[in-house]
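Student: Okay, here's what each chain looks like letter by letter:
There are 2 protein chains.
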Amino acid sequence: MHPIDSETLIHHLQWRYATKKFDPAAKIPAAHWTTLEHALRLTPSSFGLQPWKFVIVTNPAVRAELRKAAYNQTQITDASHLVVFTMNKDLGPADVERFIAHIAKVRGVKPEALEGYKQSILASVGRPREQVEAWAARQVYIALGNFLTSAALLGIDACPMEGFEPPKFNQILGLDKQGYSAVVLATAGYRAADDPYAKLAKVRFEPEDVIVHVG
Amino acid sequence: MHPIDSETLIHHLQWRYATKKFDPAAKIPAAHWTTLEHALRLTPSSFGLQPWKFVIVTNPAVRAELRKAAYNQTQITDASHLVVFTMNKDLGPADVERFIAHIAKVRGVKPEALEGYKQSILASVGRPREQVEAWAARQVYIALGNFLTSAALLGIDACPMEGFEPPKFNQILGLDKQGYSAVVLATAGYRAADDPYAKLAKVRFEPEDVIVHVG
Numbered sequence: 038m039h040p041i042d043s044e045t046l047i048h049h050l051q052w053r054y055a056t057k058k059f060d061p062a063a064k065i066p067a068a069h070w071t072t073l074e075h076a077l078r079l080t081p082s083s084f085g086l087q088p089w090k091f092v093i094v095t096n097p098a099v100r101a102e103l104r105k106a107a108y109n110q111t112q113i114t115d116a117s118h119l120v121v122f123t124m125n126k127d128l129g130p131a132d133v134e135r136f137i138a139h140i141a142k143v144r145g146v147k148p149e150a151l152e153g154y155k156q157s158i159l160a161s162v163g164r165p166r167e168q169v170e171a172w173a174a175r176q177v178y179i180a181l182g183n184f185l186t187s188a189a190l191l192g193i194d195a196c197p198m199e200g201f202e203p204p205k206f207n208q209i210l211g212l213d214k215q216g217y218s219a220v221v222l223a224t225a226g227y228r229a230a231d232d233p234y235a236k237l238a239k240v241r242f243e244p245e246d247v248i249v250h251v252g
Numbered sequence: 038m039h040p041i042d043s044e045t046l047i048h049h050l051q052w053r054y055a056t057k058k059f060d061p062a063a064k065i066p067a068a069h070w071t072t073l074e075h076a077l078r079l080t081p082s083s084f085g086l087q088p089w090k091f092v093i094v095t096n097p098a099v100r101a102e103l104r105k106a107a108y109n110q111t112q113i114t115d116a117s118h119l120v121v122f123t124m125n126k127d128l129g130p131a132d133v134e135r136f137i138a139h140i141a142k143v144r145g146v147k148p149e150a151l152e153g154y155k156q157s158i159l160a161s162v163g164r165p166r167e168q169v170e171a172w173a174a175r176q177v178y179i180a181l182g183n184f185l186t187s188a189a190l191l192g193i194d195a196c197p198m199e200g201f202e203p204p205k206f207n208q209i210l211g212l213d214k215q216g217y218s219a220v221v222l223a224t225a226g227y228r229a230a231d232d233p234y235a236k237l238a239k240v241r242f243e244p245e246d247v248i249v250h251v252g
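Protein sequences, first through last, are from chains A and B. Following the numbering used here, the numbering of the first sequence begins with 38 at its first residue and continues without gaps. Following the numbering used here, the numbering of the second sequence begins with 38 at its first residue and continues without gaps.
Okay, chain A solo, but in the shape it has when bound (with noise of 0.2 Å):
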């Protein structure tokens, strides 16, 4: 299969932005749908530790009740799905066990093998609490950044949204239970017709103000 083109990668970065008012109407079609959990699902992490869950949110009850800890932003409830970006928060020895013995039967190797490679991922969610949820919290970020990226390549509107009550997501999405802590938001589906800020021109500082040659 071929790579796309410069072109068709640059247009695509450039035709998305952070869709404030979308059209409640418009909803992803389930094999789009399908594609963007699997991307999420295909996304890098430290070690391929895979510290997630992404919650997506269908539901317009409880997409209403999340609305009002999001400063009743409207992408809340309008845009046809609501993916809540979620990362372990008890990340400890069982979970890196449980990710060896997926490697092992994955690959068709022992889990004795991997013995380097489980000590390693060990020392690293043995460190100091706060530095394994800052670490867990970045890898989450990756996963924000490939999906905004699917998303616009797939023709699909996105905003990610960092504005609203963590705590409050927990508890009306039973998180706190499982261990897991919302991290980050991105609705999607597609723009309206007057999102004003659809027509506005995308700000970024220039190339030399962001972009550092060292050659």
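Incorrect hints may appear among the rest.
Since the list can't tell identical chains apart, any single copy or any two copies may satisfy a pair.
[Said to hold, decoys possible] Within a straight-line C-alpha distance of at most 30 Å, the following computed DSSO-like cross-link-like pairs (lysine-lysine) qualify:
1. Lys57 to Lys90
2. Lys239 to Lys205
3. Lys142 to Lys105
4. Lys214 to Lys142
5. Lys142 to Lys236
6. Lys155 to Lys105
7. Lys236 to Lys214
Keep in mind that the hints were calculated from the coordinates and are not lab data. From a predicted model like this one, the values you see are computed outputs, not experimental measurements.
Starting from the structure of chain A, add chain B where the hints point.
Tutor: Quick look at chain B alone, frame taken from chain A:
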């Protein structure tokens, strides 16, 4: 311009892997690299604030120095390009003023019209330093996610790397003097024909283990 299809997206996300051994003779063509720099620059961030610089290191002597500060990993010297993703360590009111002035210029509006937006951003960068730094670091990981997906779609191999000593990188690249700090790396180029990691099955948890539907 047409969106890409689901098969193209998933194929390339499956194709990519954390390349451990690059072909040192294989260089990314200039036009493709320019596209990746452009993609980096188009990365979304909270408020659109872009609290980052992307340092592209191609100088072999500098790469050799950096490799010593990255546990001697061969990708640092053998990949076509090395990107050091850095964050603005001193993110504060001056950056917000610069950003607001840039929006006003690009969109042809008066800075006064952006006063409410400016106050929101100032409140965000006025939080305790460790919170602001953690937040800036997470934004940088959106860029990492965007970069890895973009590279894969262009048929370019990459390896995200957290295993390095940021203080040494900051010193070698003179970042501390500029108020920036290395957060994460990516090397990019083309896999060596004999990289054994290229043949390993990709390990991802099952959909039901990472995707939760609240429908």
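Student: Decide, hint by hint, whether the structure agrees.
Tutor: Comparing the hints with the structure gives:
1. Lys57 to Lys90: For Lys57 and Lys90, both the intra-copy (25 Å) and inter-copy (27 Å) Cα distances are at most 30 Å.
2. Lys239 to Lys205: neither (33 Å within a copy, 35 Å between copies)
3. Lys142 to Lys105: neither (43 Å within a copy, 35 Å between copies)
4. Lys214 to Lys142: within (28 Å within a copy, 48 Å between copies)
5. Lys142 to Lys236: Close across copies (16 Å), not inside one copy (50 Å); limit 30 Å.
6. Lys155 to Lys105: Close across copies (24 Å), not inside one copy (42 Å); limit 30 Å.
7. Lys236 to Lys214: Cα proximity of Lys236 and Lys214: none, with 43 Å in one copy and 39 Å across.
Taken one by one, the earlier hints fail for this structure at numbers 2, 3, 7, listed in ascending order.
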